[in-house]
Amino acid sequence: MVENGLMTAGGSAPRLPARARRSARRFAEIVCPPEMTAHHRTDRVLGELELMLAALAPEARKALTITMVVLDQAARLSRRSRGRRFSQLDDQAAEAYIRSVLASRKVPAEFVRRLKSLVVMCYYELPPVQREIGYHPAPYIAAVTRRRLESYGPEIRAGEAAVTARDDSGVVREGTGP
Amino acid sequence: MSIRAGLSTQADVTGDLNLECGVVIVGSGAGGATVAAELAEAGVDVVVLEEGGYHATESFRPETGRALRTLYRDGGGGATIGRPSVLFAEGRCVGGSTVVNGGMSWRTPAGVLERWAKQDGVLEISEAEMEPFFARFEARNSVGTQDPETIGRNSQLLKAGADAKGWAIVPNRRNQLHCAGTSNCSNGCPTGAKRSMALTSVPRALAFGARVIADCRVDQVTRTGCTVTGVTGYVVRPGGVRGPRVVVRARAVIVAGGALETPALLLRSGLRSRSNQLGRNLSLHPNANVVGFFDFDVTGWQGVHQAFQIREFLADGIMMSAQNLTPSMLAGVMPGYGRGLGELMADYNRVVTAGPLIEDTGTGRIRNLPGLGTQVFYRVTERDAARVVRGVELTAEALFAAGARRIVLPFNGAPVVRDPGDLRRLLASPVPRHSLELYSIHLMGTARMSEDPRRGVVDSFGAFHGVRGLFVSDASVFPGPIGINPMETVIALAMRNARRLVEQRGRYDLLCG
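Protein chains in written order, with our numbering: chain A, 1 to 178; chain B, 179 to 691.
Please keep in mind that the hints were generated in silico from the structure rather than gathered at the bench. Using N, Cα and C, we set each Cβ at its ideal position, and we do this for glycine too. Hints may be right or wrong, so weigh each one.
Okay, the calculated beta carbon distance ranges per label pair [unchecked claim]:
hint	chain 1	residue 1	chain 2	residue 2	range
1	A	R147	B	R427	48 to 54 Å
2	B	A306	A	A165	26 to 32 Å
3	B	C404	A	P139	56 to 62 Å
4	A	R166	B	D194	34 to 40 Å
5	A	D90	B	E236	48 to 54 Å
6	A	R79	B	P610	24 to 30 Å
7	A	R79	B	I259	30 to 36 Å
Bound conformation, chain B alone (with noise of 0.2 Å):
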């Protein structure tokens, strides 16, 4: 039985599924719900499939181990390989990560958007060409400072740091209809307040005709030589069991499984750029832990998750905010274990964790080895480190303003620290680049934009070079990182770019209602 009309998941599937459609989009994240919705208001027959399972609002619950379980992509337990690893995590559902980040909603810098157009030769990319798309975006989403009465004393100390160090802190905009402050975001929102795609694109999707089917993993993207056939793939059994087959038939293939999967797929269908960027490129904003501890409860579960940003060292591709972490997610990254762990955790109340996300300048890679899957490597430069390190100073010198007492670092093997004084001692010594302590939440670069197909995976409008009827609709665009939440930027190319698919309908043969 469906969930609603046009919406499937693995137990309305009995047998093999041979479909046949206009579009297929492979994920149902920001920028694969986004074109779907588009495309589907615009008459283009659309299918989606998504490897992840549907998940109701009513499902959602504080219990981090079940959302890792159900929500993510392999338990949210990603790492790359190299010294340091970084831990990642993507979401796997309908919706995909929007409905586990935290809906940070900004617009691509205006910086961003130039050198993409001038260095990669990106077309209609100014700030004036995208601004329709953004604000588009941000009406339809409900994008938005938080009520005040939702703002929690994690965000308000860390503003109180940030406001006695005279640094510029902004109040965070976020795709939400009045947040009710349940700091539950990365295990879904169990209100419905976060505008996930799951609640906005993908039901506007089903009202003007897609369908979604989720619990479908693709495996292959067909062609007929330089020109896409459509997809396979399988359903996806409860306990990851395959199951029926599934063979769709499109005129257009868009994938839009994250910069992750995305090259991943195209690597495993035998698609190579000439631009031999396909799967390298790869950006991920380090971000990094800081955990103050404070003389008083400060309850950070009771707020919004991330109120406010510490814009004051963007220029210098930094930038701060405070995210409360469940008990489990804040043990995962303490230090010590045993009595002492317990010790420190018997605070859970009165810590502030914060943390600098960081603009990184190197690059990874994505490989699908054999018996091994699709890895992820990357290596954190020196400059990077130096930023990640810098990042936690700063973080750490606003929660000492804000009064904390003693701060526990991400640098493995660090002492916790007590004052500033004892910071700057600290941080006299370089700090080993393998002690870092990172993980990220955003990949992006992956099947980068340009122009030219020698430096481009795809053109500016995420059609694949030199394959017709290919488009790519991810973060993977990106041709470099942003230093910002990326979610807007993906859902307004993909805006963008479901336009100028439906001006060039003819030369697919997509028929429009």
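Isolated chain A (complex conformation) (with noise of 0.2 Å):
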């Protein structure tokens, strides 16, 4: 579903090249908590980090996509990688390699470090993970709404008839000053 031109959580976004939803693949396996794994969270965690980049400017969408394929072909020169790509790595070296590069004070290491927040968000974006965590606000809200309007309704009511109510002060209209 698209709405208001721009994709909604319940749709699909145009989905990543391969090679660098490959990389955000094991991207996420790292910097995400291993639940993520664990709970067979990874595609749904990609499949809403291409919403949130469908939803950016383009540049700032290219930008990240081409992070992502070069934090994978970046990993062949790092010594401990011996020649193989970040999505080839096993778990202790891709960890290494990703805690270097978020440590670095060069400038793509920003744009790494932007690429984990966006990924982090999607994680816990989900609803399970929220739950997990003890953040359920449904039932608050509804809750707080109902009491809302259980103590206050008639002024509600009367201040939102104000709104298109006609202003007799002539401020505007006259212009004659407040």
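Take the two lone chains, each set in its own frame, and fit them into one complex as the hints suggest.
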């Protein structure tokens, strides 16, 4: 489903190119808590990531997609990787590689940090993950919404009705000042 | 089918649109919607073009990702070019940023108005002259403090910390009609208590005959010589696809797209300012998040967003408040990854997120770059960086005073601090400027006002110097930062400038009913 010019949560977004997706998957496995893999949530995180990328400005989307590809290939230059891409590294080597990249002060590392923020945001956007950490706002919102209407109903209705009432001060209509 | 009389969305538009009106307004946020309602009530034939979609209150849910994708420009993922880069977010929907802000409603500080009058030569801007407009907005949009039962524990803890330090802390003033305290402001208020423009000035404008077209991006302001003739744009179809062309002929054009898109549109349209200030002079009130962990449940998502503001250090350009972040937003700003991140986030219900807002002294610039679109350049000055660090230190002190057991600071690579001594030791060494993790939701100043065309882009009432019939009505017109939440200033200026336009209706051949 698409809505008002942008993708919504319930829909599908353009899939990442295969090389970028491969890197994003491995990246998510390293930067998200281990429960992501244990509970088979990686595909949902990638789906959420693709939706978010689709909403970004085109140049930001392109920069992050390139970051994924470069992150994958640049691992070959790392001594511990022995010529393998990031997506081919075992857990220990992949974690060490990401740790060194995130700690770097170089400008490309800022893109990787931005990507990390986005990926972990996508993980914590999943409802089961939110429930696990005690965030379940819907019942609370329903309760306080009810309380609001019960406590202040007439005042709320009067305030809402005043929105479209004509202003008798003539401040703008006559241009005479408030 | 129209959602309500006068409001159309992309689904209503099947072919090219050619419209005529008295005034066309680009943008439906605080500045655009306010001026639309004022002019429509005065009988002016108004058309409002809004790039974002229309979203009813019933559609607002506690789903951050969905909100970012549908209510914000570019998924809320803006970032300045500079080190450190400052992340920023703006609303893009009917109602603009007022749909996703916290609703903080504060009058422009008297000192700021005085500075604008003296340094920038802005006319009729004294506290007394602005007072009626502030009062009118506050009455119409239910500005006031929170009902006590809606104040959450995170706000109470920040207040306890400030009280323990002996600092001035004030109840926040917000445009809310008995806010329920859902802490869902940034995803859109699910009860309609927050009196955003989508629920106030937009329906008011519609009731007085304005036409509002959502999902419509304006790409050019058109003119003949030095007189504007209208705007051109296109309907935005689902997925961002370019739809039918929209041409609006109007006797006046009011640009209210925010401090980023307003200069971008004007520059794209070939307009230049003699002051050379169009797109320059950007201020953005950098903010930082300080996350305090407590030994007990805080459940910060139960209660209003920002019930208080610490104003003890306002004269130093530092204001502080607590704001709950949803899990995904908090995870996005947390240090660490993997198992470590999971351990921090497991204590989600035990955190208070607070932080400073800085009145910045540095400025940035908006530029349209070929192939890269609109880009924001901004340099955090040494002075502002020092203010951020000081603001972070003060926030952390308040959280420790309230009982926090450990604190995560917004400095990349900084260790978690566990007591005030830890904090002092860490801050004994300079914090590298590039390590600051900053964000902004207050962009201002890129079409600054001044009576002097050599100094300002627009005059004291938002009229673009040297171009007849062109006005700006948003935070772009601020000559500089104001150090507090800007919404009420934008709205009061929009009311004041609308009155001036009605007074001068003959000059622009505007018919008033």
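Outcome of the hint check:
1. A hinted range of 48 to 54 Å for the beta carbons of A:R147 and B:R427 is consistent with their spacing of about 50 Å.
2. The hinted range of 26 to 32 Å is satisfied by B:A306 and A:A165, whose Cβ atoms lie roughly 27 Å apart.
3. Restraint check, B:C404 to A:P139: a C-beta distance of roughly 60 Å satisfies the suggested window 56 to 62 Å.
4. Against the hinted window of 34 to 40 Å, the Cβ-Cβ separation of A:R166 and B:D194 comes to about 35 Å, which satisfies the hint.
5. Here the CB-CB span from A:D90 to B:E236 is close to 49 Å, well matched to the stated 48 to 54 Å.
6. Distance hint check: the CB atoms of A:R79 and B:P610 are about 27 Å apart, consistent with the given range 24 to 30 Å.
7. Here the CB-CB span from A:R79 to B:I259 is close to 33 Å, well matched to the stated 30 to 36 Å.
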